[in-house]
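Enquirer: In case you want the letters, here they are:
Protein chains: 2
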Amino acid sequence: MKKKVGKRTYHFPSCPAVVSYANAVGKKEGDGPLADTFDHIFTDTRMGQKTWEKAESEFQKAAISKALEKGGLEVSALDCLLAGDLLNQCIGTAYAARALALPFFGLYGACSTMAESLILAGMLVDGGFCERVCAATSSHFCTAERQYRTPLEYGSQRTPTAQWTVTASGAAILGQTGTGPYLTHATIGVVTDWKITDANNMGAAMAPAAYETLQAHFEDTGRTPEDYDLIVTGDLGKLGSELVRELFRRDGIELGKRYQDCGVLLFDLDRQDVHCGGSGCGCSAAVLNGYIFNRMRAKQLERVLFCGTGALHSPVALGQGESVPGICHAAAFFNYKE
Amino acid sequence: MKKKVGKRTYHFPSCPAVVSYANAVGKKEGDGPLADTFDHIFTDTRMGQKTWEKAESEFQKAAISKALEKGGLEVSALDCLLAGDLLNQCIGTAYAARALALPFFGLYGACSTMAESLILAGMLVDGGFCERVCAATSSHFCTAERQYRTPLEYGSQRTPTAQWTVTASGAAILGQTGTGPYLTHATIGVVTDWKITDANNMGAAMAPAAYETLQAHFEDTGRTPEDYDLIVTGDLGKLGSELVRELFRRDGIELGKRYQDCGVLLFDLDRQDVHCGGSGCGCSAAVLNGYIFNRMRAKQLERVLFCGTGALHSPVALGQGESVPGICHAAAFFNYKE
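Note that the protein sequences, when read in sequence, are chains A and B. Residues 1 to 338 (this note's numbering) are what the first sequence spells out, left to right. Residues 1 to 338 (this note's numbering) are what the second sequence spells out, left to right.
Just so you know, the hints here were simulated from the structure itself, not pulled from any lab data. Hints are not guaranteed to be accurate.
Put simply, identical chains are the same to the list, so a pair is met inside one copy or across any two.
Taking lysine-lysine pairs in the BS3-like style, the calculated list, with each CA pair at most 27 Å apart, reads [unchecked claim]: (1) Lys-299 <-> Lys-195; (2) Lys-257 <-> Lys-54; (3) Lys-7 <-> Lys-50; (4) Lys-2 <-> Lys-299; (5) Lys-3 <-> Lys-337; (6) Lys-54 <-> Lys-7; (7) Lys-299 <-> Lys-257; (8) Lys-195 <-> Lys-4; (9) Lys-2 <-> Lys-238; (10) Lys-195 <-> Lys-50; (11) Lys-70 <-> Lys-7; (12) Lys-4 <-> Lys-70; (13) Lys-257 <-> Lys-2; (14) Lys-54 <-> Lys-238; (15) Lys-3 <-> Lys-50; (16) Lys-337 <-> Lys-238; (17) Lys-27 <-> Lys-50; (18) Lys-2 <-> Lys-27; (19) Lys-54 <-> Lys-299; (20) Lys-70 <-> Lys-50; (21) Lys-257 <-> Lys-4; (22) Lys-337 <-> Lys-4; (23) Lys-54 <-> Lys-195; (24) Lys-2 <-> Lys-54; (25) Lys-337 <-> Lys-2; (26) Lys-195 <-> Lys-7; (27) Lys-337 <-> Lys-299.
For clarity, every value in this text was computed on a predicted model and none was experimentally measured.
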């Protein structure tokens with residue numbers, strides 16, 4: 001059966017199943033509207049560690065361990081781990097992978113990594129290589145903000161377009177058999193650059209990539225937004241997701257309520273002082289591997305298009321006069337095999 | 001056909017073919033013993049750019065473009081690009097991917113990335129998803145040394161155990177059909193940590209991972225070192241590769257001349273003042289996608305085990321008292337399908 005559909009979309013004939021999933025978040029995230037969809041809410045976001053980076057590894061380990069536990073699986077039931085995070089050299093992930101002692105492929109797709117890891121995991125499972133693969137990502141407010149922007153102690157004022165890097169991790173186990181939801185299609189992202197140079201406006205940097213990948217997905221599959229109960233980006237925030245709506249409006253397409261964004265869903269934007277909403281590859285990971293998959297299993301959603309959006313933002317490149325390109329990978333999950 | 005062999009080795013039943021390959025190196029690399037195996041030797045290692053980081057992107061673009069040209073292929077013949085580098089946020093790769101406008105999966109496996117990208121590319125091709133995939137990596141002395149160690153202008157004295165980050169890129173195009181060599185097996189790496197904390201001794205940090213993955217490969221496949229004409233690590237350098245020999249000697253196995261290291265092959269260690277040899281994910285990429293594949297196509301080598309070795313070294317983690325774990329992925333290339 002031909003797996004490539006159109007230019008950059010793939011069909012997974014065996015429809016790899018979400019065998020299990022879990023998430024772990026920090027205190028602020030646990031105070032938000034999705035509180036009851038989190039497996040762990042850690043009020044000590046340092047996780048008893050000496051550094052924030054080590055804490056981030058603990059979040060990732062907690063999410064992966066919980067996904068195994070919820071699925072009644074031992075670590076040895078996994079063929080490999082596909083994971084990444086936002087830190088230089090992806091150390092949140094590297095030290096978590098060391099603790100798990102699993103065959104490991106490291107990924108870097110900025111905030112698109114949850115979608116990237118799921119799609120590659122799906123290809124390894126559908127391709128007959130692996131029986132079960134874990135896909136995971138994490139981010140941490142305290143590790144990301146100081147690496148990408150300013151030292152936390154500096155207390156820099158946040159601009160209205162800023163998003164709040166979420167302290168969280170999410171993990172999904174994809175397998176050849178399981179109760180679902182099922183990964184049915186994926187559209188691979190292309191690096192897209194509309195020349196944004198503001199490190200505090202990542203939503204605008206990523207929105208063009210989301211628009212571009214969604215367009216490609218609809219063109220390749222012949223589907224329309226109405227074919228999905230939920231199209232969810234992660235994480236454009238309020239401004240970036242409004243830009244996506246506006247870009248589609250110009251094409252005569254109204255995305256309406258079926259389109260949402262993980263960064264907007266995770267926080268109460270009026271109450272939690274997060275400006276444009278959440279970001280960080282732990283954000284979409286925690287929302288997908290909780291709120292969204294929960295709603296799918298409860299049959300409140302049947303067809304979801306999960307669009308991981310990453311800003312390939314580098315402080316060094318920005319300082320050298322470069323712009324921030326974005327990338328977006330889309331993964332379609334259905335409650336039935338298709 | 002069962003694709004998993006033993007604990008963490010995979011067989012590729014269709015044996016994805018090396019359709020084309022190319023490399024691009026800097027002046028110092030071009031002065032070394034492998035000079036006649038390089039497609040491009042750029043004496044201006046800044047590639048006419050304003051910054052070294054932008055230059056690294058140019059190296060990667062040059063290697064990928066040359067691989068396409070040598071294969072008589074347009075960019076549109078590729079289904080996707082799997083690539084990475086050593087820079088924070090992998091910007092050498094991100095901006096190269098932007099220029100190519102290809103569906104793109106970003107990887108981070110430190111110096112193991114060439115092997116990681118080839119193995120995942122092989123799984124995408126063998127799994128029936130992609131017809132042709134490009135796997136590529138790059139490194140640059142001037143971008144890596146200042147990011148991982150000290151500013152170049154500081155002129156820090158190099159310790160005897162130090163390796164020289166190679167300025168180079170290599171790219172391979174794997175496809176469903178082609179003249180070969182063929183990817184037949186791969187063993188996926190596990191993060192291995194023998195508690196090395198010296199940022200100037202990466203060979204020692206990676207050697208245990210190479211030993212561990214080679215052991216797993218032999219155990220999973222039932223093969224012995226004698227089943228290969230060449231077992232090549234990339235890049236442990238002189239010290240690290242001696243450690244691997246010694247570890248196997250303790251098991252009663254003499255690796256002998258069939259075992260070599262890309263970091264030792266690329267430079268003349270006596271003449272070129274590189275201490276323990278080359279490193280950086282461009283090193284093994286340039287040696288594989290030139291010297292090694294050339295020798296395979298010339299039938300001087302029939303069976304090669306390419307072991308990409310990465311030090312998951314982070315200056316931040318080291319500063320926080322962490323050690324440097326290593327990872328090694330092994331990919332077996334044969335001149336015939338098996």
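Enquirer: The structure should be examined with respect to each hint, and the outcome stated for every one.
Expert: Now the hints, each set against the structure:
{"no.": "1", "hint": "Lys-299 <-> Lys-195", "result": "neither (41 Å within a copy, 49 Å between copies)"}
{"no.": "2", "hint": "Lys-257 <-> Lys-54", "result": "neither (39 Å within a copy, 42 Å between copies)"}
{"no.": "3", "hint": "Lys-7 <-> Lys-50", "result": "neither (48 Å within a copy, 35 Å between copies)"}
{"no.": "4", "hint": "Lys-2 <-> Lys-299", "result": "neither (30 Å within a copy, 35 Å between copies)"}
{"no.": "5", "hint": "Lys-3 <-> Lys-337", "result": "both (15 Å within a copy, 24 Å between copies)"}
{"no.": "6", "hint": "Lys-54 <-> Lys-7", "result": "neither (41 Å within a copy, 29 Å between copies)"}
{"no.": "7", "hint": "Lys-299 <-> Lys-257", "result": "within (18 Å within a copy, 62 Å between copies)"}
{"no.": "8", "hint": "Lys-195 <-> Lys-4", "result": "neither (31 Å within a copy, 44 Å between copies)"}
{"no.": "9", "hint": "Lys-2 <-> Lys-238", "result": "neither (38 Å within a copy, 47 Å between copies)"}
{"no.": "10", "hint": "Lys-195 <-> Lys-50", "result": "between (38 Å within a copy, 19 Å between copies)"}
{"no.": "11", "hint": "Lys-70 <-> Lys-7", "result": "between (37 Å within a copy, 24 Å between copies)"}
{"no.": "12", "hint": "Lys-4 <-> Lys-70", "result": "between (33 Å within a copy, 26 Å between copies)"}
{"no.": "13", "hint": "Lys-257 <-> Lys-2", "result": "neither (33 Å within a copy, 45 Å between copies)"}
{"no.": "14", "hint": "Lys-54 <-> Lys-238", "result": "neither (30 Å within a copy, 32 Å between copies)"}
{"no.": "15", "hint": "Lys-3 <-> Lys-50", "result": "neither (47 Å within a copy, 43 Å between copies)"}
{"no.": "16", "hint": "Lys-337 <-> Lys-238", "result": "neither (33 Å within a copy, 53 Å between copies)"}
{"no.": "17", "hint": "Lys-27 <-> Lys-50", "result": "within (18 Å within a copy, 44 Å between copies)"}
{"no.": "18", "hint": "Lys-2 <-> Lys-27", "result": "neither (46 Å within a copy, 45 Å between copies)"}
{"no.": "19", "hint": "Lys-54 <-> Lys-299", "result": "neither (37 Å within a copy, 49 Å between copies)"}
{"no.": "20", "hint": "Lys-70 <-> Lys-50", "result": "neither (29 Å within a copy, 52 Å between copies)"}
{"no.": "21", "hint": "Lys-257 <-> Lys-4", "result": "neither (30 Å within a copy, 44 Å between copies)"}
{"no.": "22", "hint": "Lys-337 <-> Lys-4", "result": "both (17 Å within a copy, 25 Å between copies)"}
{"no.": "23", "hint": "Lys-54 <-> Lys-195", "result": "between (34 Å within a copy, 16 Å between copies)"}
{"no.": "24", "hint": "Lys-2 <-> Lys-54", "result": "neither (44 Å within a copy, 38 Å between copies)"}
{"no.": "25", "hint": "Lys-337 <-> Lys-2", "result": "both (16 Å within a copy, 23 Å between copies)"}
{"no.": "26", "hint": "Lys-195 <-> Lys-7", "result": "within (25 Å within a copy, 46 Å between copies)"}
{"no.": "27", "hint": "Lys-337 <-> Lys-299", "result": "within (14 Å within a copy, 47 Å between copies)"}
Hint compliance for this structure: hints 1, 2, 3, 4, 6, 8, 9, 13, 14, 15, 16, 18, 19, 20, 21 and 24 are not met, and every other hint is.
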